[in-house]
Amino acid sequence: MVSFSSLEFLFRFLPVFLILYFVTPVKYRDIMLLLGSVIFYAVGEPVFILVLIAATLFNYFMGVRMWKLNEGFQLSDWQKKRRRRCMIEAVIVDVALLAVFKGLAVFVSNELLPLGLSFYIFKMISYQVDTLHKEIWDKPKFQHVALYFTMFPQVVSGPIMRYNEGGFGLQRTYSLEQFEDGFKLFVIGLGMKVLLADRLAILWNDLQMIGFQSISTPLAWFGAFGYSLRLYFDFWGYSLMASGIMVMLGFDFIENFNHPYASKSISEFYRRWHVTLGNWFRDYVYIPLGGSRCRKGRLVFNLAVVWLLTGIWHGNGLNYVIWGGVLGLLIILEKLLYGKFLQKVPFLGNVYLLAVIPLTWVIFAITDLKQLGIYFGRLFPFIGGAGIAVNGQDIMKYSRNYSVYFIAGILLCIPAVWEFYEKHKKHPVIVLALVGVFWLSIYFLSCSAGNPFMYLNF
Amino acid sequence: MKFLKKCPVFALLLSTGVLFTIIALGGKKTIYAQQEYDPLGAPLLSVMFTGVKDDIYPWQIFTGESTPVMASGAGNSEKDLNENEGESSGEEAVNENVSDEGDMADGNESGETGGDGNGTAASGNGEGQEDAGENPETGDTESVPETDSENSPEGNSEAGSGAEGNPGGESGEDQSGEDREGAGAGAQNAGSIGADALHKASDSLKDAGFERLAPLRESTHEEYINHISADIYGDAGVIRAATYAFETVDESYFDDALFIGDSRFVGLKEYTDLADHADFCCETSLTIYKALEERFSGVGTVPEALENKDYGKIYMMLGINELGRGTTEDFMGKYTEVVDTLRELEPDAKIFIMGIMRVSGKKSGSDAIFNNGNINARNNAIATLADNKHIFYIDVNEVVCDEEGNLEEEYTFDQIHLLGAQNVLVKEFLLGHGVVE
Numbered sequence: 001m002v003s004f005s006s007l008e009f010l011f012r013f014l015p016v017f018l019i020l021y022f023v024t025p026v027k028y029r030d031i032m033l034l035l036g037s038v039i040f041y042a043v044g045e046p047v048f049i050l051v052l053i054a055a056t057l058f059n060y061f062m063g064v065r066m067w068k069l070n071e072g073f074q075l076s077d078w079q080k081k082r083r084r085r086c087m088i089e090a091v092i093v094d095v096a097l098l099a100v101f102k103g104l105a106v107f108v109s110n111e112l113l114p115l116g117l118s119f120y121i122f123k124m125i126s127y128q129v130d131t132l133h134k135e136i137w138d139k140p141k142f143q144h145v146a147l148y149f150t151m152f153p154q155v156v157s158g159p160i161m162r163y164n165e166g167g168f169g170l171q172r173t174y175s176l177e178q179f180e181d182g183f184k185l186f187v188i189g190l191g192m193k194v195l196l197a198d199r200l201a202i203l204w205n206d207l208q209m210i211g212f213q214s215i216s217t218p219l220a221w222f223g224a225f226g227y228s229l230r231l232y233f234d235f236w237g238y239s240l241m242a243s244g245i246m247v248m249l250g251f252d253f254i255e256n257f258n259h260p261y262a263s264k265s266i267s268e269f270y271r272r273w274h275v276t277l278g279n280w281f282r283d284y285v286y287i288p289l290g291g292s293r294c295r296k297g298r299l300v301f302n303l304a305v306v307w308l309l310t311g312i313w314h315g316n317g318l319n320y321v322i323w324g325g326v327l328g329l330l331i332i333l334e335k336l337l338y339g340k341f342l343q344k345v346p347f348l349g350n351v352y353l354l355a356v357i358p359l360t361w362v363i364f365a366i367t368d369l370k371q372l373g374i375y376f377g378r379l380f381p382f383i384g385g386a387g388i389a390v391n392g393q394d395i396m397k398y399s400r401n402y403s404v405y406f407i408a409g410i411l412l413c414i415p416a417v418w419e420f421y422e423k424h425k426k427h428p429v430i431v432l433a434l435v436g437v438f439w440l441s442i443y444f445l446s447c448s449a450g451n452p453f454m455y456l457n458f
Numbered sequence: 459m460k461f462l463k464k465c466p467v468f469a470l471l472l473s474t475g476v477l478f479t480i481i482a483l484g485g486k487k488t489i490y491a492q493q494e495y496d497p498l499g500a501p502l503l504s505v506m507f508t509g510v511k512d513d514i515y516p517w518q519i520f521t522g523e524s525t526p527v528m529a530s531g532a533g534n535s536e537k538d539l540n541e542n543e544g545e546s547s548g549e550e551a552v553n554e555n556v557s558d559e560g561d562m563a564d565g566n567e568s569g570e571t572g573g574d575g576n577g578t579a580a581s582g583n584g585e586g587q588e589d590a591g592e593n594p595e596t597g598d599t600e601s602v603p604e605t606d607s608e609n610s611p612e613g614n615s616e617a618g619s620g621a622e623g624n625p626g627g628e629s630g631e632d633q634s635g636e637d638r639e640g641a642g643a644g645a646q647n648a649g650s651i652g653a654d655a656l657h658k659a660s661d662s663l664k665d666a667g668f669e670r671l672a673p674l675r676e677s678t679h680e681e682y683i684n685h686i687s688a689d690i691y692g693d694a695g696v697i698r699a700a701t702y703a704f705e706t707v708d709e710s711y712f713d714d715a716l717f718i719g720d721s722r723f724v725g726l727k728e729y730t731d732l733a734d735h736a737d738f739c740c741e742t743s744l745t746i747y748k749a750l751e752e753r754f755s756g757v758g759t760v761p762e763a764l765e766n767k768d769y770g771k772i773y774m775m776l777g778i779n780e781l782g783r784g785t786t787e788d789f790m791g792k793y794t795e796v797v798d799t800l801r802e803l804e805p806d807a808k809i810f811i812m813g814i815m816r817v818s819g820k821k822s823g824s825d826a827i828f829n830n831g832n833i834n835a836r837n838n839a840i841a842t843l844a845d846n847k848h849i850f851y852i853d854v855n856e857v858v859c860d861e862e863g864n865l866e867e868e869y870t871f872d873q874i875h876l877l878g879a880q881n882v883l884v885k886e887f888l889l890g891h892g893v894v895e
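Protein sequences, first through last, are from chains A and B.
Under this note's numbering, think of the first position of the first sequence as 1, with each following residue one higher.
Under this note's numbering, think of the first position of the second sequence as 459, with each following residue one higher.
What the hints contain is simulated information worked out from the structure, not anything from laboratory work.
Do not take every clue at face value.
[Unchecked claim] List of simulated lysine-lysine pairs, DSBU-like, C-alpha gap at most 35 angstroms:
| no. | chain 1 | residue 1 | chain 2 | residue 2 |
| --- | --- | --- | --- | --- |
| 1 | A | K27 | A | K425 |
| 2 | A | K102 | B | K820 |
| 3 | A | K370 | B | K821 |
| 4 | B | K487 | B | K511 |
| 5 | A | K425 | A | K264 |
| 6 | A | K425 | B | K460 |
| 7 | A | K68 | A | K81 |
| 8 | A | K80 | A | K68 |
| 9 | B | K727 | A | K397 |
| 10 | B | K885 | A | K370 |
| 11 | A | K141 | A | K102 |
| 12 | A | K397 | B | K820 |
| 13 | A | K423 | A | K264 |
| 14 | B | K820 | A | K370 |
| 15 | A | K423 | B | K460 |
| 16 | A | K139 | A | K102 |
| 17 | B | K821 | A | K397 |
| 18 | A | K425 | A | K102 |
| 19 | B | K820 | B | K885 |
| 20 | B | K487 | A | K423 |
| 21 | A | K425 | B | K463 |
| 22 | A | K425 | B | K821 |
| 23 | A | K370 | B | K486 |
| 24 | A | K27 | A | K139 |
The whole structure should be built from the sequences, with the hints applied where relevant.
Rendered as structure tokens:
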């Protein structure tokens, strides 16, 4: 049920929750959302919800301690010091919690990693730092802090919203238009996830099924592009669903993706990809380390730290560290060497980005380093040697089967297409198209789930 | 109206959702009766979509026609018990009845000629079924010595060697205890048949090949609703088929071969050089139900392919996609029909019906449907069609499985398909299983 693109969520949890939410008087809607979020999380994680509750209580009380030291127009030094110590204590506990569970996941079992831990811990750290920096203007009520940490649209996979962006304690505006806008975003996100990402996932699965040693070089590249599109629509789709629900509930839209594939450099790409995570690392790691206004050596160090942490945050395998390391290296090189050049020459940046990013996603995708080596060998056969039982014609079959998803995906990567939608989203054709997208998604979900003897085709 | 104007997408989805639910409700007892859904986790309207996937469309509520892929199965097993009585496992028929048709009616008739031993076996079986599958084979195991006593003692030793030649007969670790007992009993029966066939075969028998075997029992209702493929034949057919002495051939042998199969054969086509010799009617998710109708790129439908070229060999491996659909009886009904049609269309061709390739232990242990217990049961059924004259049963599991009879994990990524590079094992297996006259 914790997946937004499941029939259970779409036809059981969400409708019931929406009805209850909107029949509840405005004053109590936060409580209703909190209640719904706890139930949502408990269904997915009946045991580890205790971790979420404990971490919520701890962070709330640490925040309260800081607020109590907040008295007076100008804070004296002892107040500042103790507030700072308070924040550091809270962040250390939060980071330790994340590290312990990540360690358990790596060395014992993946099942020991509580759902959404990486996301809600990052929100908690952000909450502590924002409290210290007085970016949270009013003393938060417990229900608001708890809601911020646990709200069901965001608890599993973000976006990592800031406390202030939630407008907690302020009057939210509710209107049918806003509900419709949010709902449309949700439907678009659902379509991206089910109709594009899930279909393209089959391509990647097919490549693994064949075995990387037996794929042709064109297919290896095709697979890398397919995986890049799949990951994008999986996560952008998810983020649109999450933020769509938030808009339906009366919150502001949180942007998490801003057409990253239209970027002209890796650093720009990561300002537009998973924006809330990038901003989090910028504000809570990179800038505190000194940011870019420092010596070159220090800048390199800061970037390296940020990107290694980003790699570790994303997963448990060594490949994620390599992935983060490679990105960090490329971004450092852009800053020091060729970044400006990429921006100046027309299309050079785009070509560079579209060639390099899929390769980095391949590192991201393949957790087994030996297999990763084989895949790169197929991408660049002159360094990797010959494959085994390679079918030279395989690209014909796969490009035929997947071209429709590639075309749709590539179109959606173009910012102008999204602008066109924004401009015409009330046009009857668009309205009907969205209805079609929704039911087509439900068709795929119905045929692949809940029906035990039809969920796979061999 | 204001609502529709302000929330057109939401309003349209609500109204279409209500409409779809009404359609689903309307067809629930008729066209959607076979569509399963979990009321806790999915909306009723999902049956409309799963229906579309099975080519059942909403307007058929009014026209009344539907094309159920899954037959009604064993729901009425009790009713059929009496009819089942005396239905022999066909062993006597080997001697008595050399007709090529060998359908269940034949089994019944031969049961009469077969004498008391058989009748007892079948009725013992039937009683077991009444116990709701608790231990349906008790009757059968008891009856085994009786049956055996009528046959020559050599039969047993033959059974032993037959079982060795076929790892499938021993493996089935995922099958329930009762199935294993069933298989064991079947093996003993089969041994005697094999011995009979080998030692007493008359000239006319040699000419027509083995008689088709009839099932030892029926699928139970429990097996049907739990999507368990019942092992209703035991491994008599497998053991009997294994008595054929296959020969090693070279690649030119496949110049007049046609392969019919699902994604497993697609792998064989794409990752070996067999396609340089043979033609392939293969497609991912192909089932026996559509094998003769499906249009394959390059060759057209199977009947068209057979018309356009004289094939000397037809290889068919189908059955994994059908797991969980209907009963073993339903599956075998269609499988038999397809094999007979192939025989009719290409009377001179050798037909190789291939055992379904198993899945890995990891998959088998965690999947209620796609597991090796179900695969073995269906393979036991398929093998009963082999006559070792025109129709041959071969089982590639011999070369791709580990000691426990599961697909070797190193050979697969998804636990179901061979890696591209491992398809050569299948090719080599086929090269070692030629039939040369």
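Restraint check for K397(A) with K820(B), where alpha carbons must lie at most 35 angstroms apart: Answer holds: K397(A) to K820(B) is near 30 angstroms, not above 35 angstroms.
Given pair status - K820(B), K102(A), alpha carbons within 35 angstroms: Within the cut-off at roughly 26 angstroms; holds.
Hinted pair K423(A) and K264(A), Cα distance within 35 angstroms: Satisfied, since the Cα-Cα distance of roughly 25 angstroms is no more than 35 angstroms.
35 angstroms Cα cutoff - pair K727(B), K397(A): holds, 13 angstroms
35 angstroms limit on alpha-carbon distance, applied to hinted pair K68(A) and K81(A): Answer holds: K68(A) to K81(A) is near 13 angstroms, not above 35 angstroms.
Given hint K68(A) paired with K80(A) - CA-CA distance at most 35 angstroms: Holds. K80(A) to K68(A) sits at ~12 angstroms (cutoff 35 angstroms).
Hinted pair K27(A) and K425(A), Cα distance within 35 angstroms: holds, 32 angstroms
Holds or violated: K423(A) to K460(B), with C-alpha atoms at most 35 angstroms apart: Holds, because 22 angstroms separates the two Cα atoms, which is no more than 35 angstroms.
Hint consistency between K487(B) and K423(A) [alpha-carbon to alpha-carbon, up to 35 angstroms]: With a Cα-Cα distance of about 46 angstroms, the restraint between K487(B) and K423(A) is violated, given a limit of 35 angstroms.
Agreement of K487(B) and K511(B) with the hint, judged by alpha carbon distance not exceeding 35 angstroms: holds, 18 angstroms
Straight-line alpha-carbon gap K820(B) to K370(A), limit 35 angstroms: holds, 22 angstroms
35 angstroms Cα cutoff - pair K885(B), K370(A): holds, 28 angstroms
The structure fails to meet hints 18, 20, 22, 23 from the earlier list, while all remaining hints are met.
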